[in-house]
Amino acid sequence: MTQKFDARLREAMSADDEAFLQSLDDEPSLFAQFGSAFSGTMKFWTAFAFVLSFAIFIFSIFALLKLANAETQTEQFVWLALFLWASIGVGLTKIWFWLRMNHIANLREMKKLELLIVRERS
3 MTQKFDARLR EAMSADDEAF LQSLDDEPSL FAQFGSAFSG TMKFWTAFAF
53 VLSFAIFIFS IFALLKLANA ETQTEQFVWL ALFLWASIGV GLTKIWFWLR
103 MNHIANLREM KKLELLIVRE RS
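This note's numbering applies: residue 3 is where the sequence shown begins, and numbers increase by one.
Warning: the hint list may mix true and false statements.
Now the in silico label distances, taken between C-beta atoms and shown as ranges [stated by the list, open to error]:
| id | residue 1 | residue 2 | range |
| --- | --- | --- | --- |
| 1 | Met112 | Lys6 | 19 to 27 Å |
| 2 | Leu82 | Met112 | 40 to 48 Å |
| 3 | Met112 | Val80 | 41 to 49 Å |
Here are the simulated DSBU-like pairs of lysine-lysine, each with C-alpha atoms no more than 35 Å apart in a straight line [as the list claims (entries may be wrong)]:
| id | residue 1 | residue 2 |
| --- | --- | --- |
| 4 | Lys96 | Lys114 |
| 5 | Lys96 | Lys113 |
| 6 | Lys113 | Lys6 |
| 7 | Lys96 | Lys68 |
| 8 | Lys114 | Lys6 |
| 9 | Lys96 | Lys45 |
| 10 | Lys45 | Lys113 |
| 11 | Lys45 | Lys114 |
Hint data in this document are derived by calculation from the structure and do not stem from the laboratory. Backbone N, C-alpha and C fix where the C-beta goes; we use that ideal spot for every residue, glycine too.
Work out the full structure: start from the sequences and follow the hints.
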């Protein structure tokens, strides 16, 4: 069923639309999707989240090392709490990044549908 839809969609499009759709048809690799997240209006926020995630990761490693070398139980508790906080922070920023990549993939699919609707109306 999807192949019929794709064939009818290609028949209805102009050469420019076809070229654009062809660029969308090729499923981008994971690294291409990763790179595309750093474009558009959210590129600075994406870069900020990436740098923030890396910085929090470095802090979590630091907290883990301090936890291993802590002498009192209170120190161990503090460094363990900081390590867990940093680990959760890394996870949350990575989730945000993956949601951004998913958002871009959804926009790609919506553009396909927009092209179809425009072709059907004209």
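Is the straight-line distance between the alpha-carbon of Lys96 and that of Lys45 35 Å or less?
Holds. Lys96 to Lys45 sits at ~15 Å (cutoff 35 Å).
Starting from the hint 40 to 48 Å, judge whether the C-beta atoms of Leu82 and Met112 obey it.
holds (45 Å)
Lys6 and Met112 - C-beta distance against the hinted 19 to 27 Å
Because 21 Å falls inside the window, the suggested range holds.
Given hint Lys113 paired with Lys45 - CA-CA distance at most 35 Å
holds (20 Å)
Please test the hint of 41 to 49 Å on the beta carbon pair from Met112 and Val80.
holds (48 Å)
Given the proposed pairing of Lys96 with Lys68, does the C-alpha separation stay at or below 35 Å?
holds (24 Å)
Would the hint linking Lys96 and Lys114 be met if the CA-CA limit is 35 Å?
holds (28 Å)
Hinted pair, alpha-carbon criterion (35 Å max): Lys96, Lys113. Please report holds or violated.
holds (26 Å)
Verify the proposed pairing of Lys113 with Lys6, using a straight-line Cα cut of 35 Å.
holds (19 Å)
Does Lys45 pair with Lys114 here, judged by a C-alpha cut-off of 35 Å?
Satisfied, since the Cα-Cα distance of roughly 23 Å is no more than 35 Å.
Given hint Lys6 paired with Lys114 - CA-CA distance at most 35 Å
holds (15 Å)
In summary, this structure violates none of the numbered hints.
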